[in-house]
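Participant: Here is what each chain is made of, one letter per residue.
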Amino acid sequence: MLRIEHLTKSFGTKKAVDDLSLEIKPGEICGFIGHNGAGKTTTIKSVCGILQFEEGEIYVNGHSVKADPIACKRDLAYIPDNPDLYEFLSGIKYLNFIADVFGIGEKEREERIHRYADMFELTGDLAQPISAYSHGMKQKLALISALIHDPKLIILDEPFVGLDPTASFKLKKLMRELCDKGAAIFFSTHVLEVAEKLCDKVAVIKNGRLIAFGTMEEIKGDTSLESAFFGLEEQNG
Amino acid sequence: MASFKPVFWISIRSMIATMFPRYRKSDAKTKRRLLLYILLFAYVLISVVGGEAAMFYGLAKSLGAAGYGWLYFAVVGFAVLGLCVVGGLFLTHAQLFAAKDNELLLSLPIKPGVVLLSRIASLLVLDYIFTLIVAGPAAVIWIAVNSISGVGAVFLLLSVILLPLPAMGLSMLIAWILSAIFSRLRRSNLIKLGFYLLFFVAYLYLVTNLNGYITALVSRGAEIAEAFRRTVFPLYHLGAAITQGDGVSFFIFLVCALAPFVIMTVILSSQFLKIATTNRGVRKIEYRQKRLRASGARMAFVKKELRLFFSLPVYILNGGLGGVFSVVLSVLLAVRRDLIYEMFGQTQGALPFDVPTIAALMLCLFSALSLVSAASVSIEGNTLWIARSLPVSTYDILLAKVASHSLACGVPTLIGAIICAVALGPDLIGLLALFITPIALVVTMGFAGVAINLRFPRLDWVNPVQPVKQGASILIAMLAGAALIIAPGMLYVFLLNRIMDVGFMIFLTGVVYIGISILLAMSLKDKGARLFEELGG
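Chains A and B, in that order, are what the protein sequence lines are.
So that you can map any letter, position 21 of the first sequence is 36 in this note's numbering, and since no number is skipped, the others follow by simple counting.
So that you can map any letter, position 430 of the second sequence is 498 in this note's numbering, and since no number is skipped, the others follow by simple counting.
No lab work stands behind these hints: they were computed from the structure.
Zero decoy hints are in this set.
Not everything, but these chain B residues come out facing chain A in the computed CB check (under 8 Å):
(1) Glu354
(2) Gly364
(3) Lys372
(4) Trp453
(5) Arg456
(6) Val460
(7) Glu601
A virtual CB, placed ideally from N, CA and C, is assigned to each residue, including glycine.
My request is simple: use the sequences and hints to build the entire structure.
Facilitator: Structure (structure tokens):
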């Protein structure tokens with residue numbers, strides 16, 4: 016579902032991502048971990064077609080991000096680490112806007128919006144302007160807008176930040192259900208316990224280079240993901 | 069007070085950063101752009117000061133000769149106060165009552181009063197710039213035309229230092245009242261817009277009719293001057309202090325200048341924590357499930373752009389002022405055609421062109437003031453990632469900005485053209501000139517605005533007043549609009565007036581505007597899209 020081949024992205028002379036390759040298949044949840052400034056968000060933004068990159072290739076569901084970005088964006092959903100949304104719109108108008116862009120039928124969009132809004136307990140606030148939302152409510156709205164078009168690949172940058180425990184639990188459950196139905200999820204997190212419980216695969220990035228990538232068992236072995244992560248960091252000092 | 073300096077500089081930097089293009093040492097292209105922008109900025113400043121100098125020269129001569137020297141400086145004081153309040157009201161409201169970083173600053177070990185004082189100080193810098201632009205040339209002209217005593221010169225200097233203070237006090241008071249009223253209203257934008265518009269039009273009306281008032285005042289003599297002294301006595305004392313070197317008058321002006329500023333600063337300082345942290349609690353809007361209407365992706369973006377435009381009164385007032393004027397003045401022209409004769413001060417036969425032609429020219433002039441798209445990229449700010457991550461081509465995103473600009477400004481222009489056509493009954497060429505050229509210019513300004521904003525974007529603003537009102541692209545788009553009007557005008561006056569009628573020339577200019585729009589659309593598809601994609605997100 017997602018194939019990154021030798022991705023290199025520089026800002027000036029600094030290589031933010033250096034020759035990164037990985038592949039995520041349908042049904043897999045892949046955690047993306049690394050310290051601050053390691054290159055996680057740059058990789059994620061490159062996958063979503065938000066940042067242009069110099070070298071390498073990214074394929075989403077077989078479509079090249081460079082050659083056919085619109086086909087890629089149709090198949091994926093992206094939630095950034097900080098959900099800055101159109102504050103001049105109400106929640107429902109924002110969701111309707113997203114549904115318009117993805118060409119979702121009227122009945123379908125109503126059903127999906129209300130299903131996910133009920134799930135994340137946001138239905139009662141949908142008429143409110145987004146400017147009146149808390150950080151967590153914005154995060155929930157961003158999640159609903161990402162799920163509205165039934166994406167095949169979901170890219171999440173720190174998705175649990177700002178969510179209350181209930182919403183966080185529901186999101187984890189939903190992520191698993193979506194993958195069981197054939198979607199793939201690639202998400203960055205600093206919460207290693209969550210990654211350990213949720214992920215089928217893990218990618219570890221340091222200073223722009225992928226230092227480990229494999230199944231959860233391959234990466235952590237008999238130890239915890241936390242121990243494995245610190246071990247990898249040390250080895251690649 | 070050690071924390072005053074950093075907070076003050078942050079406000080100033082944020083203001084300057086929005087006004088000037090981002091400068092990177094290694095980027096030669098940006099350096100050239102910055103230099104070009106500074107030259108354009110200087111050109112605008114010189115033009116404004118030149119225009120003022122001409123106006124003040126006439127006033128200084130007539131009022132000096134009539135023995136109303138004090139009135140000259142009273143008028144200057146009024147112009148400064150008006151410009152500071154009208155020009156800075158939006159920013160004062162945004163900086164003091166709606167700043168995004170209020171909570172961040174209050175979380176730091178800084179006294180709330182210091183946060184407020186540093187904000188006021190940064191706003192005062194802007195007011196001092198306004199004051200110098202108006203009072204500087206006015207003072208030089210007065211000294212050149214008439215004379216001034218040594219004491220008068222000292223009072224003049226001190227008055228220039230004092231003048232922004234009452235203006236700031238007044239701005240704070242109005243912004244405070246507005247904030248208290250509007251924060252309790254759910255749909256306050258329309259009322260806010262109406263209020264600002266009324267305020268702006270009243271100021272514009274007073275300033276444009278100033279010469280008439282002064283003439284009347286001079287001709288009716290002491291009686292009106294006495295009434296003026298009684299009603300706006302602080303301004304009378306300002307004038308008397310400078311022209312007569314009167315110490316008592318200066319003291320009265322000093323007290324009048326300081327009082328509103330000090331009172332408002334003390335009140336707001338004691339209230340600032342409450343102002344910055346109280347959620348005045350607009351009643352929650354209950355969600356009721358309704359049918360959701362679907363539209364295409366392109367239309368969704370156009371609707372989104374229009375919603376953004378209509379959600380910000382400052383955006384409407386700065387970007388869409390031309391459209392508002394088009395409707396207002398067309399109605400005025402239709403109802404009171406005699407005004408146009410009055411304006412030219414001549415009889416019907418001696419007007420430079422026939423009335424429908426003048427109407428077409430006026431609509432073109434207002435179309436050149438349409439600046440909605442010139443802020444449309446910058447206004448995306450932190451939300452740029454949304455458009456960039458959605459399955460829509462970059463060209464479509466940019467076209468939506470042009471389309472919403474064209475709708476927001478083109479519809480009022482069209483209404484204005486219809487009113488003029490019905491009321492004035494132009495011939496065929498006049499009709500074409502009335503409908504095609506102003507609307508074509510709105511569209512050209514739409515394309516030009518997006519193209520300019522892509523080259524001079526600022527996405528890291530603190531409040532939306534900055535990109536909409538102070539952005540570099542706004543100034544450049546204004547100049548582009550002026551060039552689009554002046555260039556064909558000059559061509560006609562110096563070259564083409566012998567071979568074609570002015571109505572036909574206006575129509576022909578409209579065809580040229582359409583051509584420019586096509587070229588800009590082609591450039592937007594290629595270069596514009598590339599620039600937008602390079603903005604990151």
